[in-house]
Structure formats: C-alpha cells, structure tokens
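Peer 1: Residue numbers (numbering that gives the first Met the number 0), protein chains in the order written: chain A, 0 to 248; chain B, 0 to 486.
Be a bit skeptical, because a hint or two may be false.
[Stated by the list, open to error] Residues from chain A that face chain B, not an exhaustive set, calculated with beta carbons under 7 Å: (1) GLU41; (2) TYR54; (3) LEU61; (4) ARG63; (5) TYR72; (6) ASP73; (7) LEU124; (8) ASP128; (9) GLY130; (10) PRO134; (11) CYS176; (12) PHE183; (13) ALA230.
Read the hints as simulated data drawn from the structure, not as lab findings. Where a beta carbon is used, it is the ideal one built from N, C-alpha and C, also for glycine.
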Amino acid sequence: MTTGPTVALFATCFNDTMWPDAPRAVVTLLERLGCRVVFPREQTCCGQMFTNTGYADEAVPLVRRFVDVLGGYDHVVAPSGSCVGSVREQHPWLARRAGDEGLATASEDVGTRVHELSEFLVDVLGVTDVGASFPHRVTYHPTCHSLRMLHVGDKPLRLLREVRGIDLVDLPAATECCGFGGTFAVKNADTSIAMGADKARHVRDTGAEVLVAGDNSCLAHIGGMLRRQRAGVRIMHLAEVLASTEGAR
Amino acid sequence: MTLQTTSHTFLGMPPFPEAARAALANTQQRRNLAHATATIRGKRALVVGEVERWEELRVAGADAKDEALHHLPHYLEQLEENLTARGATVHWARDAEEANRIVVDLVRATGSDEVVKVKSMATQEIELNEALEAAGISAWETDLAELIVQLGHDRPSHILVPAIHRNRAEIREIFLREMGTVGRAAPEDLTSEPARLAEAARLHLREKFLRARVAVSGANFAIADTGTLVVVESEGNGRMCLTLPQTLISVVGVEKVLPTFADLGTMMQLLPRSSTGERMNPYTSMWTGVHEGDGPQDVHVVLLDNGRSAVLEDELGRQALRCIRCSACLNVCPVYERTGGHAYGSVYPGPIGAVLNPQLRGTSSPIDKSLPYASSLCGACFEACPVRIDIPALLVDLRTKVVDEASGRSPEAASMRATAWMFGDHRRLEAAQRASTLAGRLLGGRSLRSIPGLGAWTQARDVPNPPRETFRQWWARTHGDDEEAGS
Ligand code: SF4
Numbered sequence: 000m001t002t003g004p005t006v007a008l009f010a011t012c013f014n015d016t017m018w019p020d021a022p023r024a025v026v027t028l029l030e031r032l033g034c035r036v037v038f039p040r041e042q043t044c045c046g047q048m049f050t051n052t053g054y055a056d057e058a059v060p061l062v063r064r065f066v067d068v069l070g071g072y073d074h075v076v077a078p079s080g081s082c083v084g085s086v087r088e089q090h091p092w093l094a095r096r097a098g099d100e101g102l103a104t105a106s107e108d109v110g111t112r113v114h115e116l117s118e119f120l121v122d123v124l125g126v127t128d129v130g131a132s133f134p135h136r137v138t139y140h141p142t143c144h145s146l147r148m149l150h151v152g153d154k155p156l157r158l159l160r161e162v163r164g165i166d167l168v169d170l171p172a173a174t175e176c177c178g179f180g181g182t183f184a185v186k187n188a189d190t191s192i193a194m195g196a197d198k199a200r201h202v203r204d205t206g207a208e209v210l211v212a213g214d215n216s217c218l219a220h221i222g223g224m225l226r227r228q229r230a231g232v233r234i235m236h237l238a239e240v241l242a243s244t245e246g247a248r
Numbered sequence: 000m001t002l003q004t005t006s007h008t009f010l011g012m013p014p015f016p017e018a019a020r021a022a023l024a025n026t027q028q029r030r031n032l033a034h035a036t037a038t039i040r041g042k043r044a045l046v047v048g049e050v051e052r053w054e055e056l057r058v059a060g061a062d063a064k065d066e067a068l069h070h071l072p073h074y075l076e077q078l079e080e081n082l083t084a085r086g087a088t089v090h091w092a093r094d095a096e097e098a099n100r101i102v103v104d105l106v107r108a109t110g111s112d113e114v115v116k117v118k119s120m121a122t123q124e125i126e127l128n129e130a131l132e133a134a135g136i137s138a139w140e141t142d143l144a145e146l147i148v149q150l151g152h153d154r155p156s157h158i159l160v161p162a163i164h165r166n167r168a169e170i171r172e173i174f175l176r177e178m179g180t181v182g183r184a185a186p187e188d189l190t191s192e193p194a195r196l197a198e199a200a201r202l203h204l205r206e207k208f209l210r211a212r213v214a215v216s217g218a219n220f221a222i223a224d225t226g227t228l229v230v231v232e233s234e235g236n237g238r239m240c241l242t243l244p245q246t247l248i249s250v251v252g253v254e255k256v257l258p259t260f261a262d263l264g265t266m267m268q269l270l271p272r273s274s275t276g277e278r279m280n281p282y283t284s285m286w287t288g289v290h291e292g293d294g295p296q297d298v299h300v301v302l303l304d305n306g307r308s309a310v311l312e313d314e315l316g317r318q319a320l321r322c323i324r325c326s327a328c329l330n331v332c333p334v335y336e337r338t339g340g341h342a343y344g345s346v347y348p349g350p351i352g353a354v355l356n357p358q359l360r361g362t363s364s365p366i367d368k369s370l371p372y373a374s375s376l377c378g379a380c381f382e383a384c385p386v387r388i389d390i391p392a393l394l395v396d397l398r399t400k401v402v403d404e405a406s407g408r409s410p411e412a413a414s415m416r417a418t419a420w421m422f423g424d425h426r427r428l429e430a431a432q433r434a435s436t437l438a439g440r441l442l443g444g445r446s447l448r449s450i451p452g453l454g455a456w457t458q459a460r461d462v463p464n465p466p467r468e469t470f471r472q473w474w475a476r477t478h479g480d481d482e483e484a485g486s
C-alpha cells in the first residue's frame with residue numbers, strides 16, 4: 000500500500016557493494032511505512048573518498064552524476080550520514096572549485112532534498128515509532144558526520160527507543176570519533192586503531208550484544224576490531240534494526 | 000617573497016604517521032594527556048554550556064576577526080599610527096629572520112645580556128630564543144609550563160599548556176636537576192605537590208623578574224583604534240614582565256589586530272572559557288604605548304608577517320588566521336589526545352597546527368605534506384572553535400593542494416583515477432561488483448584475515464567479506480530490472 004511519498008534510494012557505493020543489508024532494510028522499512036521506493040540504477044558514488052583524500056578533480060564528475068541521476072526527486076534517502084554530509088557540504092564546494100557555478104547551485108538545491116535515514120523518518124515522515132521489534136541489548140554509536148555535519152541530534156535514539164523489546168544502553172564517550180575517517184584508517188592506521196580500541200572497549204563495557212550506527216564504514220572499523228577480539232558483539236546498521244520485526248506478535 | 004622557515008627544533012621531522020606511531024607507544028605520555036585533556040574538556044563544556052548566546056558570540060568573534068583580516072592594511076596602519084602617537088616604536092618584519100634580527104638588535108642596544116619572556120606563540124614560531132642565544136643573550140621563559148619545557152630541554156606539545164605531556168613527578172625531577180644550573184636551585188626536599196612545585200618556580204623566577212631590564216612578549220590582541228596591546232594569562236608572570244623592566248619588546252603576528260576596543264569584549268568572553276575553561280582568566284594586562292614614570296619606558300612592537308599575507312590571499316584558507324590560540328581544538332581532538340603535540344612537528348600542534356603549518360610553511364617537507372591527513376575529519380575541532388574556523392574543510396582543501404603538487408605521479412593517484420573511471424558509469428561499477436561478489440561466493444562464510452595490500456587495515460581489524468549479492472543485484476531480482484518499484 001503506497002500512501003506516502005516517492006523516495007529515491009541512494010544506496011551509496013559502499014553499501015551497495017559491501018553491505019547490501021542496509022539499503023535493503025531501508026527499502027523494507029520505507030515500503031512498510033507506505034512510501035514508494037525507487038532505485039535509479041545510474042547512481043554510483045558520491046565521491047567522498049576522492050574528496051577527502053584530496054582528489055577533488057576526480058570527484059567533480061560524480062557531483063554532476065549525482066545531480067543528473069537524483070536531482071529530479073522530491074526525496075532522496077541514503078543509509079549513510081557521511082555520504083549525505085558529503086553531498087550537502089562538499090558537492091557545492093567541489094563544483095565551485097572547478098569553476099562550475101551552475102553545478103554548484105544545482106547541487107545546493109539537490110542537497111536540501113537529500114536525507115540521512117533518521118532525518119527522513121523524523122523530519123519528513125514525522126514518525127518515531129516505525130513498528131519495529133528487536134528483542135536485544137543494543138548500544139548506539141552516533142557517527143561524527145551525522146552528529147556534527149548533519150546535526151541529526153537524538154533522532155536515531157528517538158527512533159530506537161520506540162523499538163519493541165529493545166534494551167537500549169548508553170555508550171560511554173559516545174560522541175568521540177571511532178577513528179575510521181576513511182582514508183585516515185589507512186594513512187594513519189596506528190592512530191586509527193588506537194581510537195578504535197578505545198571505542199571498542201566502551202562498546203564492550205556496555206554489555207551490549209549489538210552495536211548500532213548509521214554508517215557501515217564506521218561500523219566495519221569498530222566491528223572489525225570487536226570481531227578480531229572475539230568480543231561477542233555484532234554490528235548492525237540503524238536501518239536493519241528499524242526494519243526488524245523479530246519477535247513481534 | 001615570503002621566506003619559508005623550517006623549524007630548527009623540529010627540523011627533519013618524519014611524516015605524522017611515523018611520529019605518531021612512536022608517540023602512541025609512550026604509555027606515560029598517553030596517560031598524562033588523556034587525563035589532562037579530559038579534565039580541561041569537562042571544564043570547558045561546563046562554562047561554555049552556561050552561556051546562553053554562545054553561538055551568537057562565536058559569530059561575533061569570527062566577524063570581528065574577519066573585519067580585521069579583510070581590511071588588514073587599513074587596521075595595521077591605524078594600529079601603527081596609534082602606537083607611535085602613544086610613544087611606542089613599531090617595526091615591521093617580513094619573516095622570522097627579520098623579526099629575530101630586530102629583536103636581537105634592540106636587546107643589544109640596551110646592553111643587557113638577558114631577557115625575561117612572557118609566553119608567546121609568535122616568538123616560538125620564529126625561534127627567537129635560539130636566535131637570542133646565538134647572539135649571547137639568555138632568554139628566560141617565565142610561564143610555568145614554558146619554564147618546565149625550557150628546563151627540560153624539551154619541546155612544547157600544546158599551545159596553552161606546553162608541558163601537558165609531563166606529569167608532576169617528571170616536573171619535580173626536572174626542577175631538581177636543572178634549576179640550579181641556570182639560577183636559584185629548587186629546594187632539596189621538593190615534593191611533587193602542585194603548591195610546592197609552583198613555589199619552587201616562583202622563587203626561581205622572582206630573581207629573574209627583579210633583575211631583568213628587558214622583557215619580550217607577544218600579544219593576544221592588538222587593538223587598532225586605540226593602539227592597545229593585550230596579554231591574557233593565568234599566573235601573573237606576564238604582569239611582572241610587562242611592568243618591571245625598562246624595555247618591552249612585543250612580537251605580534253599581523254593577524255592579532257582587532258578593529259576596535261569593543262571587539263575585545265567579545266573576545267574576552269570567548270577566550271578564557273575556550274582555553275582554560277574559566278569564566279575569566281586571572282590576569283589581563285593592557286598597555287598603550289609609554290606612560291611616563293609607570294612601567295617600561297622603551298616600548299617596541301614588532302609586527303610579524305612570516306607567511307601570513309600569503310595565507311590571506313587564500314579565500315577559504317584565510318579563516319585560519321582568525322585563530323586566537325585558545326587550544327580548544329587540541330583538547331577535543333581524539334588524534335591529539337593520543338599522539339600528543341610533538342608528532343605535529345611544530346609549535347602549533349593539533350587540528351589548527353595541521354592547518355596552519357602547511358599554510359605558513361608550504362607543503363614541501365614530509366611532515367607538512369602529511370599534516371592535512373592527520374585527522375579523521377570528525378569535526379570536534381570546528382564545533383569547539385570559538386571563532387568558527389572550519390578546520391575539517393580547510394584540511395580537505397589542503398589535501399587537494401598536496402595531491403595537486405604531486406601532479407598525479409603516485410600509485411595512489413593512479414588507483415584513484417582508475418576507481419573514479421569505474422564510478423563514472425554504473426555499468427562499469429556493476430562489472431566490478433560481479434567480480435567482488437564472486438569472491439564473496441568463493442569465500443563462503445570464512446573471514447578474510449589477511450589480504451595482501453590490506454596490511455594497514457588487517458593489523459587489528461577483521462575485514463568484512465564481500466556479500467554474495469550486491470544491493471543492485473537484489474533490487475533487480477526483487478523489484479524488477481527497471482528503476483521503479485514493483486506495484
Ligand atoms: S583554531 Fe579555534 S579552537 Fe583551535 S586554537 Fe585556534 S581559536 Fe582555538
């Protein structure tokens with residue numbers, strides 16, 4: 000039953016290729032909430048990896064592609080705070096840097112319609128109870144770009160609190176960066192690991208069974224450490240928990 | 000031409016990742032830093048939180064600095080005029096060498112072979128102490144933390160608390176060992192109690208304050224419309240230096256200028272809360288030229304460029320010159336907290352150092368090339384900065400400069416171009432994905448512990464397996480091959 004708006008899903012290249020469960024969960028969830036979800040197949044990547052590594056010239060064609068492929072939709076939703084942050088904050092800058100004012104304006108315009116999942120649910124659909132059920136002990140890590148670039152605030156937590164059966168526990172030092180940082184994880188691997196080790200320790204201290212966040216790249220970093228430690232904590236994207244109906248009666 | 004100076008003390012620094020690796024292994028330093036930064040973060044959060052209009056203040060602070068920076072020649076001339084009218088002598092220094100020569104000559108003219116110093120980043124930047132020493136002039140640092148660094152033959156690792164990497168026990172040892180070699184020795188029964196340590200420093204320094212005929216300072220602010228210089232401090236050592244000696248020489252970066260005295264009000268609401276986490280700092284000294292019979296009678300101001308005009312030409316980058324050196328960005332930085340300041344290879348460490356050093360020195364040395372990457376871009380620095388310097392955006396911009404200067408001749412550049420080509424068309428992406436999911440199917444449920452070339456990642460982290468089916472393959476299978484959802 001589609002009573003809600005049409006939403007173009009921007010799956011993001013990482014999720015599409017490595018973690019398809021997250022965009023699949025977005026589809027499940029939004030369709031359950033009555034949205035009509037479309038997936039424009041020509042989409043590829045927002046270019047963040049190029050931009051943040053210093054390859055601005057390589058990122059510009061991807062800005063153009065983003066505007067061309069997704070610019071026509073009223074709502075674009077992505078299961079990644081950092082990709083949405085890149086689209087909103089970096090695309091206009093990249094276009095201007097390349098001397099393309101037209102593209103800059105167009106990308107500014109698109110940016111106002113691109114939402115990270117929790118923003119779309121709370122601000123556009125106006126829901127916090129999405130009808131999910133997930134009977135597990137969960138802790139939530141607010142990723143840096145969601146928090147400090149998009150300013151999603153406590154929207155993800157408000158959504159999680161409404162999930163049936165969830166045992167949501169606070170993560171100590173939650174707002175501190177996990178140390179992923181894209182290219183940082185490789186170029187400054189030692190510092191990245193030192194940060195990740197502290198984050199993983201805080202996660203373990205909560206006694207949670209599941210670590211949830213809105214960005215699979217950060218989750219892969221923290222989760223990769225937890226898994227190496229055989230910590231017995233699994234990682235899940237926010238979308239997957241919100242799509243879950245596990246144990247629902 | 001702006002001379003690009005390379006630090007002597009930090010000369011030949013390895014790139015950040017290497018220096019950081021060594022620093023990360025220093026367990027004592029990590030404990031000291033984690034404790035110190037957590038304490039000051041907490042204090043700052045408390046006193047910033049109680050200011051209802053903090054955001055408005057930040058904007059006002061940024062605006063005041065921008066007004067000065069966007070009309071810098073005008074305000075500098077006004078400053079010079081007012082300083083001169085009030086009996087001070089203004090000197091202009093294009094670079095570190097010129098500034099050092101001016102100061103050395105001024106000290107020599109007084110016949111003194113020593114100066115007392117107020118903590119100053121500008122004089123650290125130009126390595127004035129080394130220049131004075133080479134000219135046979137002793138420079139005595141009088142700020143407690145700066146004294147610890149100087150006595151320990153160490154380097155500063157924090158803007159506000161240069162000895163933040165030291166704990167009390169280490170400080171006691173340094174005092175016992177070194178004080179006697181340059182002046183009044185520390186008492187033999189010195190303990191590591193803060194009060195006892197401060198007392199030892201006070202007695203050691205008092206001798207120097209009372210003897211010195213020349214003082215060297217910097218300035219936190221230089222107010223154009225009155226010709227007033229301002230030093231903000233906590234210990235009173237600055238007040239001693241600024242009032243007791245006959246001659247006062249202040250080295251002031253040109254970006255320190257504020258248009259009006261009223262702007263100081265904004266800054267004084269922002270600075271103490273951001274830097275020490277106090278509502279107000281204990282000592283704020285202001286002086287406007289010479290006052291007959293009161294304080295230094297021979298007042299000099301050296302206005303220092305040293306790469307700043309070049310930064311000013313960069314429309315995005317020039318916001319870094321708003322910096323009021325409060326250190327808030329250091330204290331909230333998760334990278335700084337773990338690596339400490341030395342790894343940044345400059346007297347300007349932390350997030351702002353990662354921006355300022357490559358801006359002021361260029362990106363030719365290994366350390367300066369690596370600094371823009373010494374950040375996870377988590378944004379904590381921007382959020383804390385009282386003058387709203389968008390440090391993450393500046394870091395990304397500097398990264399493009401580093402890449403452009405390499406002109407595409409690196410394996411990284413080649414792989415970036417190849418990946419960008421793949422993302423240039425969804426069909427190319429789909430072809431690449433078919434290969435990756437094939438790997439996923441072959442691996443089944445097994446974990447990839449170590450893939451060649453993924454060394455940095457797999458040191459401490461397991462690698463996720465590629466899935467058996469990408470999202471778009473799933474979409475095509477479940478929602479049909481066209482872009483639209485099935486009805
Ligand atoms: S960049 Fe901002 S936060 Fe950092 S020292 Fe300068 S003024 Fe303070």
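Peer 1: If any of the earlier hints don't hold here, list their numbers in rising order.
Peer 2: 4, 5, 6, 7, 8, 9, 10, 13
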